[in-house]
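Enquirer: Start from the sequences and build out the full structure, keeping to the hints where you can.
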Amino acid sequence: MESQVLINEEQFALILDRLAHQLLEHHEFNETDLVGLQPRGTRVAYRLAERLSELLDGKEIRCGSLDVTFHRDDLGRRDKPIAPQENIMEFLVEDRKVILVDDVLFTGRTIRAGLDALLAYGRPKKVELAVLIDRRFKRELPIEPTYIGQQIDSISDQHVVVEWSEENKSDRVILFNAKPE
Amino acid sequence: MSNLSIKHLLGIQGLTRDDIETIFSTAAEFKEVLNRPIKKVPSLRDTTVANLFFENSTRTRLSFELAQKRLSADVVNFSAASSSVKKGETLVDTVKNILAMKVDMLVIRHPHPGAPHFLANKVNTTIVNAGDGTHEHPTQALLDSFSIREKLGQDLEGKKISIVGDIMHSRVALSNILALKLQGATVKVCGPATLIPKHMESLGVEVSHDLDETLAWADVANMLRIQLERQGEDDAISFFPSIREYTINFGLTTERLERLDKELVILHPGPINRGVEISSEIADSENAIILEQVENGVAIRMAIMYLLANR
Numbered sequence: 782m783e784s785q786v787l788i789n790e791e792q793f794a795l796i797l798d799r800l801a802h803q804l805l806e807h808h809e810f811n812e813t814d815l816v817g818l819q820p821r822g823t824r825v826a827y828r829l830a831e832r833l834s835e836l837l838d839g840k841e842i843r844c845g846s847l848d849v850t851f852h853r854d855d856l857g858r859r860d861k862p863i864a865p866q867e868n869i870m871e872f873l874v875e876d877r878k879v880i881l882v883d884d885v886l887f888t889g890r891t892i893r894a895g896l897d898a899l900l901a902y903g904r905p906k907k908v909e910l911a912v913l914i915d916r917r918f919k920r921e922l923p924i925e926p927t928y929i930g931q932q933i934d935s936i937s938d939q940h941v942v943v944e945w946s947e948e949n950k951s952d953r954v955i956l957f958n959a960k961p962e
Numbered sequence: 489m490s491n492l493s494i495k496h497l498l499g500i501q502g503l504t505r506d507d508i509e510t511i512f513s514t515a516a517e518f519k520e521v522l523n524r525p526i527k528k529v530p531s532l533r534d535t536t537v538a539n540l541f542f543e544n545s546t547r548t549r550l551s552f553e554l555a556q557k558r559l560s561a562d563v564v565n566f567s568a569a570s571s572s573v574k575k576g577e578t579l580v581d582t583v584k585n586i587l588a589m590k591v592d593m594l595v596i597r598h599p600h601p602g603a604p605h606f607l608a609n610k611v612n613t614t615i616v617n618a619g620d621g622t623h624e625h626p627t628q629a630l631l632d633s634f635s636i637r638e639k640l641g642q643d644l645e646g647k648k649i650s651i652v653g654d655i656m657h658s659r660v661a662l663s664n665i666l667a668l669k670l671q672g673a674t675v676k677v678c679g680p681a682t683l684i685p686k687h688m689e690s691l692g693v694e695v696s697h698d699l700d701e702t703l704a705w706a707d708v709a710n711m712l713r714i715q716l717e718r719q720g721e722d723d724a725i726s727f728f729p730s731i732r733e734y735t736i737n738f739g740l741t742t743e744r745l746e747r748l749d750k751e752l753v754i755l756h757p758g759p760i761n762r763g764v765e766i767s768s769e770i771a772d773s774e775n776a777i778i779l780e781q782v783e784n785g786v787a788i789r790m791a792i793m794y795l796l797a798n799r
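Going line by line, the protein sequences match chains C and S.
Each residue of the first sequence is one higher than the one before, starting from 782 at the first, in the working numbering.
Each residue of the second sequence is one higher than the one before, starting from 489 at the first, in the working numbering.
Some hints here could point you the wrong way.
Claimed, not checked - Residues from chain S shown here face chain C by an in silico Cβ test under 10 Å; the list is partial: (1) F566; (2) Y794; (3) L795; (4) A797.
Hints were generated in silico from the structure; no laboratory data involved.
No residue lacks a Cβ here, since even glycine has one placed at the ideal position from N, Cα and C.
Expert: Put into structure tokens, the structure is as follows:
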């Protein structure tokens, strides 16, 4: 299958580092929590939390991982159901600032579901969105990211996959011309 | 994750092992939802479910209704006692009328075996069997297996499960046997000869009439309820001489358990006849996971309705 590497390992590390610094510009992390969207947004969130903690002299960054499967709006409209993932939210977000984190922003529907799912844990003071990859031009909802790793112009048939060293691959982003198996 | 292979949940018969795994992994996530401060998700907000109970029920009915509400479905309840069934309406007519009011899913309990299967062929909707006569009670069997796996680990291959009591009249027993066999467990049924149907071995289970021997062998004991309503009335057949004699031979008592001197996981589908099939002390002891079963029941039913609506 035709594919190209959009972001290699070196660029990947730089982008995560830049995102961490951008977050630091706007947050002191005294009242800010990271919430990654399962499954892959969680990886970005934990990586960011780790880097932020380094930059803040070992300060603990609260990081949750939210599963939005039961909040999706496409129940019964997909060929295959989405498997629900573990939901780990060990804190409430009442009156806190929350940065939702996902790997790829495409139609915006997952983020919509994420905002809905987040409500179960209180009313945050503010919610922002950080994504590693922003596939613009294909939004189906009025949702825009606050922090962007990289913007990618691609057509809808193409597929963007983020690979992780935690999954025994190298950190990189690949663009496929068709949906990979 | 793949779709369920079924359109209705009519029984464990017809389910595949993959179906069971899909239901359990989904139920595990719903169990987490049930422990959140807000125990509700919007998954089924555009689904209307009717609960049709042609037979009495407390637990199952409440459990289904709570599961539906936690999934944000719209729910209507129907019980035969206060309905036009009393005026002679047929089952199909009743159901067709309910469906004409735009209902998407039916949960049905009926005293006649096969009633949900009959309906599935007659009407175009999703049907969940909540117990049909002495035939099957699939959601109970699934929540039993789910609860056992929480205790014994996710692999039931080779695990020894005993089902004790009134096997003949029990839909819980049949569904449990089918579900446990599907997961690779070894099953032994135990009870008085009069309460074990003929040809039981054809289901691939062992049969015993000795509770002590069965418990010594087993990792798990599922103590079924003695259906007192089938005992002692003038026109009823007596299946054993007296309740006292039943308890002596087949009741799970503290003395019996102490003699065994081992960890045994104890289940009971409820309602309990305290002091008959199980003693009060054991029912309230740590070995008994009766209330875990009830808790898991809501998560299992949420998973089933969610997955069926997902098709």
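Enquirer: Work down the list of hints and note, for each, if the structure agrees.
Expert: We went through each hint and held it up to the structure:
1. F566: Violated, about 24 Å.
2. Y794: Result: holds, 7 Å to nearest chain C Cβ.
3. L795: holds, 7 Å
4. A797: Holds: closest Cβ of chain C sits about 6 Å from A797/S, inside 10 Å.
Comparing the model with each numbered hint stated earlier shows that hint 1 is the single one that does not hold.
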